[in-house]
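Undergrad: Below, each chain spelled out in residue letters.
Number of protein chains: 2
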Amino acid sequence: MAASIPADSAGLVSSQKLHFSDPLPLDCGRQLTQFELAYESYGALNAERSNAVLVCHALSGDQHAAGYHSASDRKPGWWDSCIGPGKSFDTNKFCVICPNNLGGCRGSTGPNSINPETGRYYGADFPVVTVKDWVRCQARFADALGIKQWAAVVGGSLGGMQALQWAIDYPDRIRHAVVVAAAARLSAQNIAFNEVARRAIYSDPDFHGGHYYDHDTVPARGLMLARMIGHITYLSDDAMRAKFGRELHEGKLNFGYDVDFQVESYLRHQGQSFVDRFDANTYLLMTKVLDYFDPAADYGNDLAEAFRRATARFLVISFTGDWRFAPARSREIVRALLDADREVTYAVIEANQGHDAFLMPIPQYLKVLRTYMRRVALEQGSIADAP
Amino acid sequence: MAASIPADSAGLVSSQKLHFSDPLPLDCGRQLTQFELAYESYGALNAERSNAVLVCHALSGDQHAAGYHSASDRKPGWWDSCIGPGKSFDTNKFCVICPNNLGGCRGSTGPNSINPETGRYYGADFPVVTVKDWVRCQARFADALGIKQWAAVVGGSLGGMQALQWAIDYPDRIRHAVVVAAAARLSAQNIAFNEVARRAIYSDPDFHGGHYYDHDTVPARGLMLARMIGHITYLSDDAMRAKFGRELHEGKLNFGYDVDFQVESYLRHQGQSFVDRFDANTYLLMTKVLDYFDPAADYGNDLAEAFRRATARFLVISFTGDWRFAPARSREIVRALLDADREVTYAVIEANQGHDAFLMPIPQYLKVLRTYMRRVALEQGSIADAP
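Residue numbers (numbering that gives the first Met the number 0), protein chains in the order written: chain A, 0 to 386; chain B, 0 to 386.
Simulated from the structure, these hints should not be mistaken for lab results.
Don't take every hint at face value.
Put simply, identical chains are the same to the list, so a pair is met inside one copy or across any two.
[What the hints assert, rightly or not] Here are the computed lysine-lysine pairs in the DSSO-like style, where the Cα-Cα straight-line distance is at most 30 Å: (1) K74 - K242; (2) K251 - K131; (3) K16 - K74.
This is chain A alone, in the form it adopts within the complex (with noise of 0.2 Å):
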């Protein structure tokens, strides 16, 4: 391993891909007549089989979970804070598994893949998937990986709806779901902020209804605003106060629509920076997984119904700061739960970095994960490979 990698690190990780040739039917109505899945694991699977934890990425993720491609990387995965040796995640005792999600844009089908039906790439023909269609194709993945039964699923926001619906579809093959600044489903406010995202994706020239791949371009206008609009949402009101007050980004003000504040230069910075590693299809896909998600719709508009079919344990973990998807989204998740009368662990953590809060590595937040963890391995007996 490299000098310049910490010790408590995945390590050096890469990507790897499993394919998968039966058919998949989607919520839609269409299906899938193959598809890949691109993942990362952390850890090793041990005899049983039964120490294999699932983690489910949110809106801009991707496999890239933790560790890094190579000794000059500069970042780590997206939840190295938690994922590690010794770490929340404690890949001496866990084997930890992200693939990226059907529709993604790092490896696994989705909108910049080649259709085999047409031999063109999807675009905008890509069907409209859901988190239910999402946790069909992993127990396809887990299947293939040998894995009946999950020690547990996690995931923060569109990561930690994929953890409910495991916990719902598939009572007996997890254990745990730990859901992290999550909700049972948006509201309209946030169903509104994803429908301006979409809108500006569309409105770009480049997008050409989704085929811009076919004319060598792509929507960078758009997707640079839907990525601002998105992470002005994901921090906090007092974040960003915190972070940026009324700094002027030259010392003064211009009088021109150039940038005066520092806030300006940041969301511009962040906007362009997302274009070059995001797919826009890809973006608009999450955002309506995100909208459509709604278990309790199958079960009456009933969530504790909804919950009836778990027989997992659940942690819920909300921030204070997070107004996207606030403490009170999570307690209804709670409610529901304590209804349905299953086990529930639920904290609220004091931060103020919104819903971006479920990324940093904010001490009592780390802290909760791993005393939760830390049962669930002495639960399986795998403790006992600890080093």
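Given chain A, work out where chain B should sit, using these hints.
TA: Showing chain B alone in chain A's frame:
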């Protein structure tokens, strides 16, 4: 008066215009060699000219604050619930005057006016003005009308900021400042939302660097996005939930990128209708005026020090559900006024309509305004003029 116009309406009204031919120096260092202000007025000026109330409009407002432009008008002015005979700003007692701000798009000199120096539309060459510039030109406006002192300067949001600036810059010319749903300066989050709105307009290929008038286009897509973003932030999460919930537009999910939820269709409609009535360059300008507003900056960043110049009495109002200009921001104003030993009445109105509440006929809100303004009227003896 047409039968369809209510008895307590300001009635049929029309815009007037004043031309100013003395150069107006601006904070940016440039000047306007001449300018015009369009305005409406409701109620009669008394002989002493002591009963004039200046209404300042907000970001997307204009001079049409009350009454109807024709008997067939479906919608009255934007503050019609507050202005009229017997209403909070009682036109039997006060002469209520509302100008379109400099830089506006409804008749006052702005980006869509002809620049007398070039014979072409100002477009992007129109100077970035400030609240101080507005107040300076409103003082000239008062001079032209023979009004030495306003009984009150009133406004919501950006309008309230103008009332604050009036109290600081022209202490002798304002007896009361009514400041609704405002802030002493924007937060980083406020600026960030404005910046995304500006980027949306700038990224529209039809914007042509602000000179779209010459190209016979309008940056409709960008302005629509800007308005959609704004609109979400003017409503509260609660208000959106109450209004739309997760109601589906056509009763089912479409599994595509067209409208699924009612809230999406509403937002598109709002965005579209805004494009039909507003100018993109004016929108850009107004957001910069908001961002730049910071009266404390001239007084060592000490807001109380700024208010020590004021002699007016203040009514400050905020709304519980307003997260864009939250009650906490109004309390900052109140605290600074108290620190400066100024007289202030503060009311927080329970309302879940978000920032838009200041435009709505909320009984408690109208009552607070009415009660306060009744005292203002008594004080100047003009109550005797009432029928």
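Undergrad: If a hint holds in the structure, say so; if it doesn't, say that too.
TA: Outcome of the hint check:
no.: 1; hint: K74 - K242; result: within (21 Å within a copy, 43 Å between copies)
no.: 2; hint: K251 - K131; result: between (51 Å within a copy, 17 Å between copies)
no.: 3; hint: K16 - K74; result: within (22 Å within a copy, 60 Å between copies)
The structure is consistent with each of the numbered hints, conforming to all of them.
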